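One letter stands for each residue in the lines below.
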Amino acid sequence: MPKPLTILCAVLLAVMLASCGEDEQPVKVSLRKRNEVAVKLPEPAITYAYLPQYSHSESFQRHQQLVAYLAEETGLPIRQVFPETFTEHISMFGRGKIDISFSNPFVYVNLASQYNAKAMTRIIEEDGQAEFRGQIIVRRDNESIRSPEDCRGKSWVAVDPASAGGYLFPLGLFVDHGLNLRDFKEVVFSGGRQENVILGVYAGLHDFGTIREGSLRVLANKIDIDQLKVVATSRSYPGWVYAYSPRLPKEAVDKIKAAMLKLDYAHNPKHRAILDAARFIGFVPSDDRDFDPIRELNRKVGLAGE
Amino acid sequence: MNKDLFKRLYSLRFRTKIILGMALMLICSGLTIGLFLSAMSSRALLDEGKKRGMALTSGLAFRLAEPLLAMDFLRMKNSIDNNFDQYDDVLYIFLTDTNGNVLSHTFSGGFPSDLLKVNTDSRGPQPLLLGTERGAVYDFNVSVILGEQTLGSVRLGLSRDNMDAQIRQQRLIILICTLGVVSLGIVLALGFARTVTLRLNRLRESAEEIVRGNLNVQVGSPLEKNCWDIMECGRTDCPAHGDLRQRCWYLTGTLCLNCQDKAYPHKIESCRLCPVFRYNFGDEIQELAEVFDVMAVTIKRHIEELTEREKTIARQQGLLKTVMNVTPDFIALQDKDLTYRFASKAFCDYFGLSEDEMVGKTDSDIFAKKQAELHVREDRQILRTGRPLIKEITFRRLAGQHWFHIVKVPVYDQDGSIMGLLLAARDISMLKKIQEQLIQSQKMEDLGRLAGGVAHEINTPLGIILGYTQLLMDDTMDQEFLENLQVVEKQTKICRKIVSDLLGFSRHAQSVREAVDLNESLHEVVHLVKHAFSLKGIDIVQQLGETLPLLAGNKERLKQVWLNLLNNGADAIGRDGSIVVRSRQEPDGQIEVSVADTGPGIPPEHLNKIFDPFFTTKQVGKGTGLGLSVSFGIIKEHGGAISVQSPVPAEYLSDAVAPSGSSGPGAVFVIKLPTVQQGG
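So the protein sequences, as listed, match chains A and B.
Here the first sequence is numbered in the working numbering, starting from 21 and rising by one per residue.
Here the second sequence is numbered in the working numbering, starting from 6 and rising by one per residue.
Simulated from the structure, these hints should not be mistaken for lab results.
A portion of the hints provided could be inaccurate.
Stated by the list, open to error - Distance windows between CB atoms, simulated:
1. Asn-83/B - Lys-275/A: 26 to 32 Å
2. Arg-99/A - Gln-174/B: 19 to 25 Å
3. Arg-48/B - Ala-58/A: 57 to 63 Å
4. Lys-82/B - Arg-160/A: 42 to 48 Å
5. Asp-308/A - Ser-118/B: 36 to 42 Å
6. Ala-58/A - Asn-83/B: 18 to 24 Å
7. Lys-82/B - Gly-116/A: 25 to 31 Å
8. Lys-82/B - Asn-200/A: 40 to 46 Å
9. Lys-275/A - Glu-53/B: 51 to 57 Å
10. Asn-83/B - Gly-116/A: 38 to 44 Å
11. Gln-174/B - Leu-239/A: 43 to 49 Å
Claimed, not checked - In silico DSBU-like links for lysine-lysine, alpha-carbon gap of 30 Å or less:
12. Lys-560/B - Lys-623/B
13. Lys-82/B - Lys-117/A
14. Lys-623/B - Lys-53/A
15. Lys-48/A - Lys-56/B
None of these values were measured; they are calculated from a predicted model.
Virtual Cβ for every residue (Gly too), placed ideally from N, Cα, C.
Turn these sequences into a full structure, and let the hints steer you where they fit.
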């Protein structure tokens with residue numbers, strides 16, 4: 021047979037083999053063999069909850085390392101739980117579903133007054149302060165709002181009625197400037213999410229929004245935060261607080277408190293990583309008296325905090 | 006068997022071969038492309054299905070992170086069911102935590118625990134193909150991850166049946182398309198093969214016509230527009246104008262500016278830019294057909310030229326042959342081996358051979374051995390040196406002495422080497438004879454001058470001797486002395502006569518010129534000797550022209566000539582014979598007088614000497630040998646010429662001369678004299 025014909029036949033054969041090749045072999049599995057499955061209940065543990073001002077994912081990612089550290093450091097089983105709303109957080113605390121609550125000072129004042137929660141530690145914010153403030157934000161191109169007074173008759177989006185930085189501190193500021201809730205076109209709550217407030221103002225759905233100081237940075241990688249500006253900032257109030265349930269044994273409280281205060285942001289890289297994830301840089305010891313200014317604010321804005 | 010197959014394939018018609026070849030090619034390429042496309046599209050569809058499954062699972066895993074953290078089983082179930090209900094080909098979805106506990110699933114009536122044993126690691130290659138009772142299923146495992154923490158796994162089962170159905174449909178479409186394209190290709194191949202073979206067949210038929218001798222073929226199709234239509238040149242004197250058989254780019258001398266008076270193929274480069282070429286130029290087969298037409302025309306023209314040249318050559322050959330046949334010269338051509346390759350007719354006739362017989366012969370075949378050897382030696386020398394040979398040869402034959410002037414020259418071929426030699430030989434016997442006569446005439450003139458000088462010197466002493474002898478005779482009384490003196494006187498007178506004759510021969514004697522009637526002078530002399538000759542039985546026949554013009558001369562001296570000639574004839578005859586005296590005017594105006602006898606004739610060797618002074622064949626004392634010399638001198642003095650011939654040509658002997666047993670070949674003296682007008 022002449023060479024070209026042989027080559028042609030070989031090429032054709034190769035092409036056919038290549039095209040017909042089926043290299044996947046299935047693994048035999050029966051779908052008919054059925055068993056009933058039941059979800060196993062988790063092991064009993066100290067429950068730790070972060071006031072749900074962010075999504076569960078964000079909360080988890082921020083506190084998961086800290087929870088693991090505390091469990092390891094104290095030798096106690098500690099598990100993070102995720103209440104859906106501020107109300108649920110308070111309710112779960114009351115029902116004993118949350119042993120350690122990380123909440124803003126208003127919620128704490130509520131928890132303390134309703135369920136006898138005790139302040140354990142306060143956090144040191146990334147700016148080095150153990151206090152924090154609320155901010156009024158508008159779109160940069162919104163020329164009509166330059167001061168708190170300009171917010172009169174405008175649409176306001178706040179984080180949650182129970183949010184300190186995202187609602188109550190700015191409300192105190194408005195009261196100081198002679199405005200009360202009736203002076204706004206509307207007051208809308210974003211379901212406890214700082215991000216929703218920022219996105220609502222960014223999208224132009226609302227004229228201004230109120231957030232906790234520092235929240236803008238959370239969205240720095242997702243939106244152009246230069247499109248937004250801060251019109252006014254409230255006075256400083258004591259920051260977020262760790263409170264424990266009166267049902268929690270004292271030894272456990274001490275161990276946890278000691279573990280928290282042991283975290284050294286400046287000198288221990290492991291601790292630094294834990295605290296970086298949680299977005300603060302340390303703890304200071306705290307007790308209930310630290311929150312009297314909040315109780316004062318409550319009275320000012322008409323909340324029955326006590 | 007293979008050989009038979011290939012032989013059978015080889016012997017197929019060209020059209021069948023094209024169709025078969027193209028069909029095979031189309032089927033092979035269609036099959037190859039179809040299979041390739043099919044394989045590629047199958048893979049693409051499968052990949053697409055896998056990507057879709059992966060995207061579904063990943064999306065679900067992302068959405069399930071929050072409910073998983075919150076342990077919100079309702080949201081988990083809703084999310085899973087939502088996806089499950091949305092897509093028919095999703096067979097199952099379930100969610101497990103990090104411990105492998107199934108948190109939520111889409112199965113009803115229990116959970117198939119086998120699924121928990123396979124594809125447990127989401128980092129392994131995804132998806133995993135499972136063979137189940139519901140057919141092949143792609144099982145996707147995607148971890149629910151937050152940060153670096155894995156919260157659980159989502160598993161999704163995607164049926165492969167849908168993908169397989171799509172792949173089958175795709176393959177069917179590709180198969181139909183491929184078949185369609187191949188069929189269309191085969192139809193086109195049929196058309197193409199027909200077009201090609203049609204034109205090739207025309208070429209073949211035309212070639213066969215040419216083989217049969219018909220050169221008036223045209224294969225190229227007629228043009229839609231000819232060059233003169235396209236260029237609108239109106240040049241009817243252009244060779245391309247009106248030529249429907251040849252394209253203008255094949256013609257020489259076309260008048261377009263672009264053509265630049267070049268011939269094909271040198272003009273083709275400029276022709277490629279010409280609008281005519283662009284409009285009329287076709288594919289290779291059309292080009293072949295057009296070149297074929299040009300070839301046919303060119304062959305025809307060349308054949309016509311060759312025929313014409315053949316005729317010319319034949320004509321020239323005929324002329325050459327005629328020349329060779331007619332020329333009396335011997336011309337022969339020998340090759341390097343000295344074999345005769347050509348010989349003129351005269352040469353062949355000389356050797357008694359035909360021209361065909363002569364060709365191929367050598368000198369040894371036609372010459373005597375000795376002579377042939379001589380020729381071969383000479384010829385070899387010419388071939389070796391290249392120097393021509395010129396010589397004269399003589400030999401005796403029955404007809405007499407022959408002379409030949411021979412020239413042999415080397416013949417060179419185109420590269421300058423000697424290829425043979427040419428022999429040219431001419432019979433110069435006649436020339437030689439005339440040369441001898443010329444020499445003789447010169448000799449006679451010299452002799453005459455010598456004799457005249459001597460006679461002049463001797464004449465005076467002879468006069469003195471005669472005078473003194475006659476004085477002594479008058480004075481002597483002695484009878485004996487007187488008789489002696491008489492002898493001296495007589496001999497002296499004889500001497501004077503001889504001297505007088507010699508002077509006559511040498512024209513030294515003064516003579517008076519007058520108009521002479523030749524016939525009268527002849528009459529007078531014949532009358533004088535007739536009686537005496539008749540006594541010896543010699544008859545004189547006179548045939549004198551009646552209207553001869555007068556000539557300028559000396560009558561007495563001419564009579565002496567006639568007398569000498571008659572005496573000479575009578576002396577030659579001796580007894581019983583005839584002498585014919587004839588006079589007539591020649592067409593050139595000269596008067597010819599001939600005196601012919603029937604004597605024994607003159608031997609050839611004496612013919613050249615007969616006019617020499619003192620030459621005689623008579624006995625001593627019978628003649629002085631000056632008679633003919635004197636006659637020669639007198640005729641020359643008259644501006645004429647005398648010659649002798651023996652034997653006598655018949656025309657000089659009258660019919661009146663009766664044949665006689667004693668008559669010999671005879672001799673005739675012919676005298677030619679100018680008339681008065683000619684002599685001036």
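Hints violated by the structure (listed by number, smallest first): 1, 2, 3, 5, 10, 14
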